[in-house]
Amino acid sequence: MQRMRDVGDGERGQAMVEFAMVVGLFLMCLLGAMAASVYTVQRAAAVTGVAAGARVAAGGTTAPGGANTPDLAEAVPAVARVVTPVLLGTRIRQLRPDRDCPALAAIPSDEVDICAARWADVVTVRLRGRPATGVPIPGLDWSLDLAAEVHAVTFAA
1 MQRMRDVGDG ERGQAMVEFA MVVGLFLMCL LGAMAASVYT VQRAAAVTGV AAGARVAAGG
61 TTAPGGANTP DLAEAVPAVA RVVTPVLLGT RIRQLRPDRD CPALAAIPSD EVDICAARWA
121 DVVTVRLRGR PATGVPIPGL DWSLDLAAEV HAVTFAA
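Heads up: the sequence shown begins at 1 in the working numbering, then just goes up one per residue.
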């Protein structure tokens with residue numbers, strides 16, 4: 001009778017060890033899936049924001065140059081309005097239109113830069129950086145580097 005009781009205790013110990021191993025793997029998979037889903041939402045908002053900023057820039061200004069002058073000054077805030085709600089904990093730097101976007105390696109972690117520029121008849125709006133993540137995963141670079149290029153609209157008099 002004593003022998004049966006010892007076997008039961010050993011099985012319970014083995015079950016406890018197996019449970020601890022499975023729970024650890026389950027939590028790791030769960031946190032990885034959550035981090036990936038947050039990044040997907042951030043990237044989708046960034047794509048939408050950059051496209052909206054490019055449309056604003058290509059649409060022209062209300063200044064004397066009118067519709068033939070790209071509105072770079074309003075393009076950057078248009079992007080920021082779209083991405084701010086989903087980039088929680090991320091510093092969003094809105095660069096002046098006359099400044100180039102820094103390289104991705106030069107942007108600190110938990111920060112994104114938004115810039116707009118014009119080359120000839122093409123307007124480029126860019127969002128670049130590394131957004132803050134709730135669960136940092138070593139070895140994964142959750143960076144954003146998105147650009148939208150649109151030909152500036154011109155009207156003949």
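Derived from the structure by calculation, the hints contain no laboratory data.
There's no promise every hint is true.
Pairwise CB distance ranges, derived in the manner of DEER restraints [to be verified]:
(1) Ile-137 / Pro-108: 42 to 52 angstroms
(2) Thr-62 / Val-41: 29 to 39 angstroms
(3) Gln-94 / Leu-27: 35 to 45 angstroms
(4) Arg-118 / Ser-37: 44 to 54 angstroms
(5) Arg-55 / Leu-31: 46 to 56 angstroms
(6) Ala-63 / Ala-120: 13 to 23 angstroms
(7) Gly-13 / Ser-37: 21 to 31 angstroms
(8) Thr-69 / Leu-27: 21 to 31 angstroms
(9) Phe-26 / Asp-100: 39 to 49 angstroms
(10) Val-47 / Gly-139: 34 to 44 angstroms
(11) Thr-40 / Arg-91: 15 to 25 angstroms
(12) Pro-64 / Val-122: 41 to 51 angstroms
(13) Gly-89 / Val-47: 12 to 22 angstroms
Note that beta-carbon positions come from the ideal geometry of N, C-alpha and C, so glycine has one too.
A quick look at each hint next to the structure:
1. One distance hint, 42 to 52 angstroms for the beta-carbon pair Ile-137 and Pro-108, is violated here, with the actual separation near 18 angstroms.
2. A hinted range of 29 to 39 angstroms for the beta carbons of Thr-62 and Val-41 is consistent with their spacing of about 34 angstroms.
3. Checked against the hint of 35 to 45 angstroms, the C-beta distance between Gln-94 and Leu-27 comes to roughly 38 angstroms, which is consistent with it.
4. For Arg-118 paired with Ser-37, a C-beta distance near 36 angstroms fails the hint of 44 to 54 angstroms.
5. Distance hint check for Arg-55 and Leu-31: the Cβ-Cβ separation is about 37 angstroms, which falls outside the suggested range of 46 to 56 angstroms.
6. For the pair Ala-63 and Ala-120, the supplied restraint of 13 to 23 angstroms holds, since their beta-carbon distance comes to about 20 angstroms.
7. Between Gly-13 and Ser-37 the beta carbon distance is about 37 angstroms. The supplied range of 21 to 31 angstroms is therefore violated.
8. Between Thr-69 and Leu-27 the C-beta distance comes to about 55 angstroms, which lies outside the given range of 21 to 31 angstroms.
9. Taking the beta carbon of each, Phe-26 and Asp-100 are about 46 angstroms apart, inside 39 to 49 angstroms as hinted.
10. A beta carbon spacing of about 25 angstroms between Val-47 and Gly-139 contradicts the range 34 to 44 angstroms that was offered as a hint.
11. Our hint of 15 to 25 angstroms for Thr-40 and Arg-91 holds, since their Cβ atoms are close to 21 angstroms apart.
12. Here the CB-CB span from Pro-64 to Val-122 is close to 23 angstroms, at odds with the stated 41 to 51 angstroms.
13. Between Gly-89 and Val-47, the C-beta spacing of about 20 angstroms keeps the proposed range 12 to 22 angstroms intact.
The structure fails to meet hints 1, 4, 5, 7, 8, 10 and 12 from the earlier list, while all remaining hints are met.
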